[in-house]
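A.B. asks: Next come the chains, spelled out residue by residue.
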Amino acid sequence: MKRSLHVVAVTVAAATALGFSAGKSYSAGKAVEADPAAKVDYSGTLSVLTKFGLQQLSPYFVDLAKEYEKLHPGVKVELIQESDDSVKGKTKTLVASNSLTDVYFSWTGSWGGNFVRGNRAVDLSKVIGPDTEWGKSLVPAAVQAFQYNGKYYGIPLYLDAKFMGYNKQIFSKLGLSAPNSFEQLLSNCDTIRKAGIVPISLGNKEAWPVVHYVGQLLAYDVPRETLERDFNPKTAKFDDPGYVAALKQFKELADRCTNGATMNGESYASALQAFSNAKSAMYYQEIIEFDQSAAPDSALKQADFGFFVLPVPEGAKGDAKAVEGAPEGYMINTASKNIPLAIDFMKFVTSKEHGQVLSAPPYGQPSATVGGASEKSMSPAVVEGLQVLKSASYLMPWLDTANSPRVAAAWLSSLQALAGGSMTPEQVMDQVKEAAAADAKK
Amino acid sequence: MAVTGVNSGAVSYGAATGQGASGAPKPRLRNLLSFRWVAVAVILIGWFVYYPIVDNFVVSTTDQDIFTGEVTNVGLANYDRLLNDPIVWTSLWNNSLYAVISIVFQVFGAFLLAAIIEGLGSERLQRFWRAIYFVPSAISITVSGLLFYFIYQPEIGLLDAALRSVGLDALVKPWLGDPKTAIYAIIAMSQWQGFGYSTLLFAIAIQKIPRELYDAAIIDGAGPLRRLWSITFPLTREMTGLMIIITITGAFQVFNEVMVMTAGGPNNSSQVLGTWLYQQGFIENNFGYGAAIAAVIFVVTMVTGIAQLLYTRRRRVQF
Chain Z
1 MKRSLHVVAV
11 TVAAATALGF
21 SAGKSYSAGK
31 AVEADPAAKV
41 DYSGTLSVLT
51 KFGLQQLSPY
61 FVDLAKEYEK
71 LHPGVKVELI
81 QESDDSVKGK
91 TKTLVASNSL
101 TDVYFSWTGS
111 WGGNFVRGNR
121 AVDLSKVIGP
131 DTEWGKSLVP
141 AAVQAFQYNG
151 KYYGIPLYLD
161 AKFMGYNKQI
171 FSKLGLSAPN
181 SFEQLLSNCD
191 TIRKAGIVPI
201 SLGNKEAWPV
211 VHYVGQLLAY
221 DVPRETLERD
231 FNPKTAKFDD
241 PGYVAALKQF
251 KELADRCTNG
261 ATMNGESYAS
271 ALQAFSNAKS
281 AMYYQEIIEF
291 DQSAAPDSAL
301 KQADFGFFVL
311 PVPEGAKGDA
321 KAVEGAPEGY
331 MINTASKNIP
341 LAIDFMKFVT
351 SKEHGQVLSA
361 PPYGQPSATV
371 GGASEKSMSP
381 AVVEGLQVLK
391 SASYLMPWLD
401 TANSPRVAAA
411 WLSSLQALAG
421 GSMTPEQVMD
431 QVKEAAAADA
441 KK
Chain L
1 MAVTGVNSGA
11 VSYGAATGQG
21 ASGAPKPRLR
31 NLLSFRWVAV
41 AVILIGWFVY
51 YPIVDNFVVS
61 TTDQDIFTGE
71 VTNVGLANYD
81 RLLNDPIVWT
91 SLWNNSLYAV
101 ISIVFQVFGA
111 FLLAAIIEGL
121 GSERLQRFWR
131 AIYFVPSAIS
141 ITVSGLLFYF
151 IYQPEIGLLD
161 AALRSVGLDA
171 LVKPWLGDPK
181 TAIYAIIAMS
191 QWQGFGYSTL
201 LFAIAIQKIP
211 RELYDAAIID
221 GAGPLRRLWS
231 ITFPLTREMT
241 GLMIIITITG
251 AFQVFNEVMV
261 MTAGGPNNSS
271 QVLGTWLYQQ
281 GFIENNFGYG
291 AAIAAVIFVV
301 TMVTGIAQLL
311 YTRRRRVQF
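Quick mapping for you: the protein sequence lines, in order, are chains Z and L.
Residue numbers are given in UniProt numbering: position 16 of the first sequence equals residue 16, and the series is strictly consecutive.
Residue numbers are given in UniProt numbering: position 245 of the second sequence equals residue 245, and the series is strictly consecutive.
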């Protein structure tokens with residue numbers, strides 16, 4: 001009896017498993033094109049995955065959802081709010097389980113390209129293309145950043161870029177000015193350290209903060225065409241000498257300006273806090289963090305907050321006017337049951353009025369909507385940052401979203417080792433090349 | 001009337017299904033029919049417990065792209081890659097370290113502590129110490145991870161501050177940021193968190209030992225250590241065996257604390273199989289390879305569990 005029961009149980013399990021495996025698919029879906037003439041049905045639930053999970057950012061979408069529900073009582077907006085660190089894992093879990101939300105956050109570059117490749121993003125060309133009414137209401141370069149194979153798939157929400165924030169008071173006390181060259185930055189660091197202050201607070205527990213430094217240095221050291229060739233897994237070589245040069249520059253900066261190897265034991269949030277508490281003189285940050293660095297209740301006051309683009313090292317062979325950054329935005333799921341409603345909600349989110357709320361403190365996320373980044377309501381530093389961004393010759397995408405996941409993982413882990421002193425720049429590049437070669441074989 | 005009804009029902013049942021000379025169904029048929037009563041449970045267990053296990057092995061022989069839905073059969077290539085992946089070996093080493101250190105502290109250390117607490121004369125003191133040691137176990141592992149992240153912080157952390165204050169500056173280091181110490185720092189936190197729970201379980205096992213055995217041993221002149229070695233230890237061996245299984249399987253399934261404290265870094269030095277599986281599946285989009293790592297975890301925990309169960313079954317304690 002016992003034996004026969006076991007046989008039956010195993011047979012049932014095996015049959016179920018084989019049956020399911022045979023019929024299993026992730027149902028990537030078919031290409032879907034948004035129809036500008038489609039009538040919006042204001043009923044049902046709209047699910048939205050945001051990257052506004054941080055406490056200070058989360059009210060933005062919560063307020064918008066409430067406002068939209070009030071305007072359209074038949075609609076319920078369900079929010080899943082994740083942080084910068086958790087949104088990648090969450091998105092992939094939702095994709096793998098075929099439960100991706102109607103509207104979801106996306107970076108530009110290869111990250112967004114995954115959704116396009118898998119037919120999971122609605123082709124929005126006819127509703128958000130440069131010639132459309134909605135497209136014209138958004139910053140053209142931001143719309144362009146979500147272009148894949150000549151079609152437009154993303155709705156840019158805000159512009160982001162990386163700058164070195166500094167404490168003007170500390171600089172002025174030590175007789176320093178914002179550096180004009182990488183070498184001057186290093187010399188400033190020496191002066192600040194002699195005064196007993198940490199020159200740059202850097203927390204690299206999450207591994208991506210160092211990747212951001214290196215990203216900007218690569219834009220300076222490696223020609224743009226080479227970088228873009230290497231972003232593509234099929235053509236990537238990573239053989240330009242500029243790569244090793246950039247890593248050596250970062251290592252020197254880490255040794256002279258930061259607490260060195262201890263950075264791997266600190267989170268980026270602690271480093272930001274140290275800068276905000278005026279315990280460090282500089283912190284490399286995204287423009288969307290400006291209002292967190294110098295908040296009304298922080299030791300670092302808005303008037304003492306300054307910033308500059310990470311200066312160009314001498315003899316760099318890349319683009320000296322490039323700035324690391326990219327717009328960030330949202331895509332619409334091809335499997336959504338109510339695509340016109342999802343588009344309508346995102347039009348509502350990207351309105352000029354809501355853009356101005358997003359650009360102003362406490363959010364400080366420069367809106368990608370034309371007129372949304374209002375100088376009247378924004379922090380002066382954010383306004384200035386946007387001006388620098390507009391004059392940039394090239395927006396260098398984030399290394400960890402521009403490269404394939406495998407290459408990105410190699411950058412992240414090996415740069416952590418470089419920062420900790422257990423790898424040389426050459427060894428880092430060997431690891432990246434190895435990952436790229438493995439990718440090319442796939 | 002009621003009796004007749006039952007009898008006629010029984011006859012009808014037998015007639016419909018085939019019966020022996022006595023009127024009752026044949027044993028084999030009866031066994032098959034009785035399966036109906038457990039069928040629902042078997043299907044549910046099959047669906048939710050065994051199907052995912054079998055399916056994981058199926059997935060581990062494929063290469064899947066979750067975005068496009070493409071599934072390619074790659075045979076045993078993922079297992080071949082696994083053997084040549086240095087991070088898998090680092091992870092296995094870290095999991096094994098986790099298991100060994102946890103057995104020392106959470107099994108044998110907890111056993112000793114429980115014996116000491118239960119040996120205290122006052123019931124009130126026993127309750128007090130049990131509660132004191134149990135408190136960390138009541139804190140979620142994620143919260144504990146965050147708490148220890150602050151303790152280990154290089155600049156403002158309690159640990160480095162304590163070392164500096166007693167002049168041990170040479171020992172100050174970024175505990176979670178140094179590849180040589182990261183995994184030990186995580187394991188230490190885990191011991192702090194799980195020690196009290198194990199102690200409580202051992203205390204319960206010790207309380208079940210009949211008091212007369214100790215009284216007889218005292219009359220025979222046995223001291224505390226002799227009583228511990230000859231009475232307490234052998235009579236709690238079932239609990240010890242169980243704790244070893246739980247500790248080893250737990251050590252190979254560890255995930256949360258590593259994720260919260262280092263996410264496997266720096267440079268993958270604190271990866272364990274669970275976090276490497278997550279990294280492969282959810283970060284690098286290699287679900288097939290992730291499933292192969294999951295298969296390794298399954299095999300290790302399954303073999304450990306079976307071996308330990310067989311061992312304890314042979315040495316069952318009955319009072």
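Derived from the structure by calculation, the hints contain no laboratory data.
Note that the structure is a prediction, hence the values are computed from the model and not measured.
The beta-carbon is built from N, C-alpha and C at its ideal position, and this holds for glycine as well.
Treat the hints loosely; a few may be bogus.
Taking lysine to aspartate or glutamate pairs in the DMTMM-like style, the calculated list, with each CA pair at most 20 Å apart, reads [as the list claims (entries may be wrong)]:
1. Z:K441 / L:D63
2. Z:K442 / L:D65
3. Z:K251 / Z:E353
4. Z:K442 / L:E155
5. Z:K234 / L:E155
6. Z:K194 / L:E155
Residues of chain Z clear of chain L, computed beta-carbon distances all greater than 12 Å [claimed, not checked]:
7. F115
8. R120
9. E206
10. E228
11. A236
12. V309
13. E353
Pairwise CB distance ranges, derived in the manner of DEER restraints [claimed, not checked]:
14. L:T72 / Z:K376: 53 to 63 Å
15. L:E70 / Z:T235: 43 to 53 Å
16. L:V166 / Z:Y394: 22 to 32 Å
17. L:I306 / Z:E426: 40 to 50 Å
18. Z:E78 / L:V42: 51 to 61 Å
19. Z:K66 / L:A39: 47 to 57 Å
20. Z:G196 / L:A162: 40 to 50 Å
21. Z:T235 / L:N73: 50 to 60 Å
22. L:L146 / Z:E78: 24 to 34 Å
23. L:F298 / Z:G89: 38 to 48 Å
A.B. asks: Each hint should be assessed against the structure and marked as holding or not.
C.D. replies: Here is what the structure says about each hint:
1. Z:K441 / L:D63: holds, 13 Å
2. Z:K442 / L:D65: With a Cα-Cα distance of about 11 Å, the restraint between K442 of chain Z and D65 of chain L holds, given a limit of 20 Å.
3. Z:K251 / Z:E353: Cα-Cα ~44 Å, so violated.
4. Z:K442 / L:E155: violated, 44 Å
5. Z:K234 / L:E155: violated, 43 Å
6. Z:K194 / L:E155: holds, 18 Å
7. F115: Nearest chain L Cβ is 7 Å from F115 of chain Z, so the label is violated.
8. R120: Nearest chain L Cβ is 6 Å from R120 of chain Z, so the label is violated.
9. E206: At roughly 7 Å from the nearest Cβ of chain L, E206 of chain Z sits no farther out than 12 Å, so the non-interface label is violated.
10. E228: holds, 21 Å
11. A236: The claim holds: A236 of chain Z sits with its nearest Cβ about 16 Å from chain L, beyond 12 Å.
12. V309: holds, 27 Å
13. E353: Answer for E353 of chain Z: holds, closest chain L Cβ roughly 35 Å.
14. L:T72 / Z:K376: 53 to 63 Å: Hint holds: Cβ distance 56 Å, inside 53 to 63 Å.
15. L:E70 / Z:T235: 43 to 53 Å: violated, 21 Å
16. L:V166 / Z:Y394: 22 to 32 Å: Violated: the Cβ-Cβ distance is about 53 Å, outside 22 to 32 Å.
17. L:I306 / Z:E426: 40 to 50 Å: For I306 of chain L and E426 of chain Z the Cβ distance comes to about 48 Å; the hint holds.
18. Z:E78 / L:V42: 51 to 61 Å: violated, 37 Å
19. Z:K66 / L:A39: 47 to 57 Å: holds, 49 Å
20. Z:G196 / L:A162: 40 to 50 Å: violated, 23 Å
21. Z:T235 / L:N73: 50 to 60 Å: Violated: the Cβ-Cβ distance is about 28 Å, outside 50 to 60 Å.
22. L:L146 / Z:E78: 24 to 34 Å: At 28 Å between Cβs, range holds.
23. L:F298 / Z:G89: 38 to 48 Å: violated, 22 Å
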